[in-house]
Amino acid sequence: MSPPRKSSRTVNVKAAAGGRQQLMRERELRGIVDTVLRLAKSIGVAETEVHVDENISALTRFANNAIHQNVAEHTLNVSVRTQVDQRTARATTNRTDEDSLRAAIEASLSLAHSQPKNPHLLPVPGRQRYRGINRFVKQTASLTPEDRARAVRRACDLAIKRGQTAAGIFSSAQAQSAMGNSRALFAAYRDTHAVFSITMQEGSAASWAKENAASVADIHPQQLAERASEKAHRAIEPQELAPGRYTVILEPAAVLDLVGFLFYDFAATAVRDKRSCFNERMGKQVLGKNIRIEDDVYHPLQLGAPFDGEGMPRQRVLLVDQGVPRNLVYSRASAKIAKKQPTGHGFMLPNEYGEAPMNLVFSGGKASLDEMISSTERGLLVTRLWYIREVDPYEKIMTGMTRDGLFLIEKGRVSSAARNFRFNQSILEMLRNVEMMGPAVRATGEEAFEMVVPAMKVRDFHFSEVTKF
Amino acid sequence: MYDLATAALDTAKIRGASYADVRVMHLRQRDLTTKNGEVGTLAQSESIGLGIRVLANGAWGFASTDRLTREGVAACAAQAVSIAKASALAKREDAVMAPENAFVDSWQSPFRKDPFEIPLETQLALLLAADAEMRRVKGVTLTETDMQFRKIDSWFASSIGSRIHQRKVITGCGIVATSFHGDEIQKRSYPNSFGGQHALQGYELVESLDLLKHAPMVAEEAVALHSAAQCPQKSGTLILGGSQLGLQIHESIGHPIELDRVLGQEANFAGTSFLTLDQLNKLRYASDIVNVVADARLDHGQGLGTFAYDDEGVPAQCTDIIKAGQFRGYLSNRETAHLVGLKRSSGTMRTESWNRLPIIRMTNVSLLPGTWAFADLISDTDDGILMETNRSWSIDDRRYQFQFSTEIGWEIKGGKRGRMLKNPSYSGITTEFWNSCDAICKREDWTLWGTPNCGKGQPMQTMGTGHGASPSRFRNVRIGTAFSKQ
Numbered sequence: 001m002s003p004p005r006k007s008s009r010t011v012n013v014k015a016a017a018g019g020r021q022q023l024m025r026e027r028e029l030r031g032i033v034d035t036v037l038r039l040a041k042s043i044g045v046a047e048t049e050v051h052v053d054e055n056i057s058a059l060t061r062f063a064n065n066a067i068h069q070n071v072a073e074h075t076l077n078v079s080v081r082t083q084v085d086q087r088t089a090r091a092t093t094n095r096t097d098e099d100s101l102r103a104a105i106e107a108s109l110s111l112a113h114s115q116p117k118n119p120h121l122l123p124v125p126g127r128q129r130y131r132g133i134n135r136f137v138k139q140t141a142s143l144t145p146e147d148r149a150r151a152v153r154r155a156c157d158l159a160i161k162r163g164q165t166a167a168g169i170f171s172s173a174q175a176q177s178a179m180g181n182s183r184a185l186f187a188a189y190r191d192t193h194a195v196f197s198i199t200m201q202e203g204s205a206a207s208w209a210k211e212n213a214a215s216v217a218d219i220h221p222q223q224l225a226e227r228a229s230e231k232a233h234r235a236i237e238p239q240e241l242a243p244g245r246y247t248v249i250l251e252p253a254a255v256l257d258l259v260g261f262l263f264y265d266f267a268a269t270a271v272r273d274k275r276s277c278f279n280e281r282m283g284k285q286v287l288g289k290n291i292r293i294e295d296d297v298y299h300p301l302q303l304g305a306p307f308d309g310e311g312m313p314r315q316r317v318l319l320v321d322q323g324v325p326r327n328l329v330y331s332r333a334s335a336k337i338a339k340k341q342p343t344g345h346g347f348m349l350p351n352e353y354g355e356a357p358m359n360l361v362f363s364g365g366k367a368s369l370d371e372m373i374s375s376t377e378r379g380l381l382v383t384r385l386w387y388i389r390e391v392d393p394y395e396k397i398m399t400g401m402t403r404d405g406l407f408l409i410e411k412g413r414v415s416s417a418a419r420n421f422r423f424n425q426s427i428l429e430m431l432r433n434v435e436m437m438g439p440a441v442r443a444t445g446e447e448a449f450e451m452v453v454p455a456m457k458v459r460d461f462h463f464s465e466v467t468k469f
Numbered sequence: 470m471y472d473l474a475t476a477a478l479d480t481a482k483i484r485g486a487s488y489a490d491v492r493v494m495h496l497r498q499r500d501l502t503t504k505n506g507e508v509g510t511l512a513q514s515e516s517i518g519l520g521i522r523v524l525a526n527g528a529w530g531f532a533s534t535d536r537l538t539r540e541g542v543a544a545c546a547a548q549a550v551s552i553a554k555a556s557a558l559a560k561r562e563d564a565v566m567a568p569e570n571a572f573v574d575s576w577q578s579p580f581r582k583d584p585f586e587i588p589l590e591t592q593l594a595l596l597l598a599a600d601a602e603m604r605r606v607k608g609v610t611l612t613e614t615d616m617q618f619r620k621i622d623s624w625f626a627s628s629i630g631s632r633i634h635q636r637k638v639i640t641g642c643g644i645v646a647t648s649f650h651g652d653e654i655q656k657r658s659y660p661n662s663f664g665g666q667h668a669l670q671g672y673e674l675v676e677s678l679d680l681l682k683h684a685p686m687v688a689e690e691a692v693a694l695h696s697a698a699q700c701p702q703k704s705g706t707l708i709l710g711g712s713q714l715g716l717q718i719h720e721s722i723g724h725p726i727e728l729d730r731v732l733g734q735e736a737n738f739a740g741t742s743f744l745t746l747d748q749l750n751k752l753r754y755a756s757d758i759v760n761v762v763a764d765a766r767l768d769h770g771q772g773l774g775t776f777a778y779d780d781e782g783v784p785a786q787c788t789d790i791i792k793a794g795q796f797r798g799y800l801s802n803r804e805t806a807h808l809v810g811l812k813r814s815s816g817t818m819r820t821e822s823w824n825r826l827p828i829i830r831m832t833n834v835s836l837l838p839g840t841w842a843f844a845d846l847i848s849d850t851d852d853g854i855l856m857e858t859n860r861s862w863s864i865d866d867r868r869y870q871f872q873f874s875t876e877i878g879w880e881i882k883g884g885k886r887g888r889m890l891k892n893p894s895y896s897g898i899t900t901e902f903w904n905s906c907d908a909i910c911k912r913e914d915w916t917l918w919g920t921p922n923c924g925k926g927q928p929m930q931t932m933g934t935g936h937g938a939s940p941s942r943f944r945n946v947r948i949g950t951a952f953s954k955q
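Protein sequences appear in the order of chains U and D.
Quick note on numbering: the first sequence equals residues 1 to 469 in the numbering used here.
Quick note on numbering: the second sequence equals residues 470 to 955 in the numbering used here.
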């Protein structure tokens, strides 16, 4: 290929993109948005929408008690959607010179012109008002490779001292998004987040702990290392149990990675397409009366922008009340079809999925994990789940494995470790069988977005097979 | 591009790197989808940038930038060295790399029709026509089609003197019909689920699929599944269609042989492997008719794991993984090769993009063809179930215990394909399963399937892998467990 054409006019100075430590100022992002809108207007584009996303992140990865990968990146993408004559399409570039932005506009136009008219396409929305959220923590943004390495070193030293092997990550990121359109809508949001995740292995046993927060001050690497280490030690010499139905106590990460699979079922488009498990079940007693689920991006334990992919303000939505699915979330298009108001959950257009709630908050209870264990005659304590996939989309049967710490509970006490099980379990049935809940926390796993969920004690959880460890 | 790469290498050396490699990559992608007769996604994107990996003080650092100026890449290289020095604060021993030659080369994957040159109107018209064909069938409640095209240019340069340019053109295409009825959602996909077939080909792949011919059958089967019998729960004979077997290979052979997993480097995320180093050349992985290779060479086919050089500058190779049932080889890189007695990497380091570190990845991990004609395989089976097209997949984090379900099943009775079965599933333990294989079909039924969505690494990277397979038979397999109620 030929190298990128030299810009005829530099729109924005990515002052220190290589090795850059700070996000651009909001006015710089607005400058890119305004440039795209100006260029589009100059060539007669009727309606234009622009997204600018910038990310500065770094991740330190360790295994076998040493750092083995250590990476950093800075990315900036400009995504342009043009809309002409009831047709729309999107083109994205990571170059911000005027020639490249013009090329993205032209590519978007070319794509748009190639398709039939869409009579349902709505004009871009006008200005909106957004609730302010401050989730940018300087301490997180300024974390250095040395800071991460020192924390990793301490965790690895603990593992070595105890004859264990540590593996995990310590990452930090700062990110921002801005969007604007030809009807003067403009929205911007920035946040930070840090993650520490650790697996401690002792012989063939392993356990795991992880935290994810906007502020690195809320991340406790050494406490997590201690917890994973202690549980890994308890996980040695697991006994093989027979598959069957067990009372389980699911720690928040295990709850999250299961119920996280429900998020798209609350999309109005999914229900309309008849691929949601709530299709023909709205208003019915589908879940237990102790289950209440909201989508709430403003919850203090959540992260995420206060606007959606179309620039609509995100609303708090009560999705399930007393076990009854009450409301769905709507993009502007699905809201118009359903004669509802948009809830601010639409994806960037054009897309075939419509919308989804990305900030689920389950109402929890007051029980501690110890209380759940002590109230259990025979059951299993589940640290986390793994490789969860949907077996039956309407009954919402999921399969997957337990991982990194499965423990047998007998007569109110953890009596031994158990070999990992495969489960085949309907989430709907599970949420009818919840006997106790802990306080809802910001949970983090590997299968679902971070959400606010409690630990749960669930009866009759179905384990179908056992594995070798 | 090499000027920028060289500038980055020079800076890395000045800053103290003992080794460095650079990838400048330009990625272009076009996505088209339809749903229920209307255009869904219509988008294209491009991204260009540089990533540099350095070894300094015996430890690794990586940084990336989209600022493609001499100043930008120099700052990026300096950052990578700084990160490597921080890594050295928590190292146990110095990283050592197997020797490799320097290569100066340019390579382009073969294609007959550049998908980016085919008019969009033509592409959309085909998808909308296939969508319409499916919607003609009463009972279909959702129709979806998709095409995806990628063109990836990469310029690799390393401090040992390699300068390698590669261009890959990748095409994917598929259609899906879904039917909701009663309390069931059933669906059928063609030619495979999760986006169809994907290969290192041009638009000729789309044309070869003949979507319009297959669309009515896909839709009819989706509707017919509602009235089909439930797949029984039992132990018995299983015949897997090629695409499902491709995913079975991916999960129960491809991932366990990744040496980074074996060595614990993925313990926190993707998991480890039951294939500990003591198993090499000792484990009877499979029955003696099973031969599996990891082959990135063009000779093997135009798969998602085909290239001329990996992203560490090592030439594409064919490695025996399972030979006559015996476990023979791992996927390695320059850092791990010596741990399994190799003098050279097997050439499997791959990266998703310029802003990601290359990691050990599957190339084309394929089951070599056997001796059976498909018709003979069916007529030789007295009592079994044929399962086709993946619906769900799951395996434990050491790759022992798996469960798969497929979109459709067919009862085999007395050597003939009988009634349709819905909700088919099977499960097992990896080595027990592969040791139960007693028939593999010939090359005529062999396809190099593409898995476009393999996730691994932190930060997560998505990679395409290839899996050649032909329909094969397995005995005494646990069937129907996914829907058991006990």
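Don't take each hint at face value.
[What the hints assert, rightly or not] DSS-like, lysine-lysine: derived pairs with alpha carbons at most 30 Å apart:
1) Lys792(D) / Lys751(D)
2) Lys891(D) / Lys284(U)
3) Lys582(D) / Lys117(U)
4) Lys274(U) / Lys284(U)
5) Lys911(D) / Lys468(U)
6) Lys117(U) / Lys41(U)
7) Lys703(D) / Lys468(U)
8) Lys911(D) / Lys274(U)
9) Lys911(D) / Lys703(D)
10) Lys792(D) / Lys812(D)
11) Lys792(D) / Lys468(U)
12) Lys812(D) / Lys882(D)
13) Lys117(U) / Lys911(D)
14) Lys366(U) / Lys274(U)
15) Lys607(D) / Lys117(U)
16) Lys891(D) / Lys274(U)
17) Lys366(U) / Lys284(U)
18) Lys284(U) / Lys882(D)
19) Lys891(D) / Lys703(D)
20) Lys882(D) / Lys274(U)
21) Lys411(U) / Lys954(D)
22) Lys682(D) / Lys954(D)
23) Lys607(D) / Lys891(D)
24) Lys682(D) / Lys812(D)
25) Lys339(U) / Lys882(D)
26) Lys336(U) / Lys582(D)
27) Lys954(D) / Lys468(U)
28) Lys289(U) / Lys274(U)
29) Lys954(D) / Lys289(U)
30) Lys682(D) / Lys582(D)
31) Lys274(U) / Lys682(D)
32) Lys954(D) / Lys284(U)
Simulated from the structure, these hints should not be mistaken for laboratory data.
Evaluation of the provided hints:
1. Lys792(D) / Lys751(D): Holds - the C-alpha atoms of Lys751(D) and Lys792(D) are around 12 Å apart, at most 30 Å.
2. Lys891(D) / Lys284(U): 28 Å, holds
3. Lys582(D) / Lys117(U): 28 Å, holds
4. Lys274(U) / Lys284(U): Distance ~17 Å between Lys274(U) and Lys284(U) Cα, so the pair holds.
5. Lys911(D) / Lys468(U): Violated, because 34 Å separates the two Cα atoms, which is more than 30 Å.
6. Lys117(U) / Lys41(U): 21 Å, holds
7. Lys703(D) / Lys468(U): 21 Å, holds
8. Lys911(D) / Lys274(U): Status violated; Cα separation ~41 Å.
9. Lys911(D) / Lys703(D): 28 Å, holds
10. Lys792(D) / Lys812(D): With a Cα-Cα distance of about 21 Å, the restraint between Lys792(D) and Lys812(D) holds, given a limit of 30 Å.
11. Lys792(D) / Lys468(U): Judged against 30 Å, a Cα distance of about 25 Å means the pair holds.
12. Lys812(D) / Lys882(D): Violated. Lys812(D) to Lys882(D) sits at ~51 Å, over the 30 Å cutoff.
13. Lys117(U) / Lys911(D): Not satisfied, since the Cα-Cα distance of roughly 48 Å exceeds 30 Å.
14. Lys366(U) / Lys274(U): Outside the cut-off at roughly 37 Å; violated.
15. Lys607(D) / Lys117(U): Distance ~26 Å between Lys607(D) and Lys117(U) Cα, so the pair holds.
16. Lys891(D) / Lys274(U): 19 Å, holds
17. Lys366(U) / Lys284(U): The hint holds at about 27 Å.
18. Lys284(U) / Lys882(D): Measuring from Cα to Cα gives roughly 43 Å; hence the hint is violated.
19. Lys891(D) / Lys703(D): 15 Å, holds
20. Lys882(D) / Lys274(U): 35 Å, violated
21. Lys411(U) / Lys954(D): Holds: Lys411(U) and Lys954(D) sit about 26 Å apart, inside 30 Å.
22. Lys682(D) / Lys954(D): Between Lys682(D) and Lys954(D) the Cα gap is close to 39 Å, so the pair fails against 30 Å, i.e. violated.
23. Lys607(D) / Lys891(D): Distance ~19 Å between Lys607(D) and Lys891(D) Cα, so the pair holds.
24. Lys682(D) / Lys812(D): 51 Å, violated
25. Lys339(U) / Lys882(D): 53 Å, violated
26. Lys336(U) / Lys582(D): 41 Å, violated
27. Lys954(D) / Lys468(U): Given that 30 Å is the threshold and the Cα spacing comes to 22 Å, the pair holds.
28. Lys289(U) / Lys274(U): OK: Lys289(U) and Lys274(U) at ~25 Å, within 30 Å.
29. Lys954(D) / Lys289(U): 24 Å, holds
30. Lys682(D) / Lys582(D): 21 Å, holds
31. Lys274(U) / Lys682(D): Distance ~26 Å between Lys274(U) and Lys682(D) Cα, so the pair holds.
32. Lys954(D) / Lys284(U): Judged against 30 Å, a Cα distance of about 24 Å means the pair holds.
Hints 5, 8, 12, 13, 14, 18, 20, 22, 24, 25, 26 from the list above are not met by this structure, while the remaining hints are.
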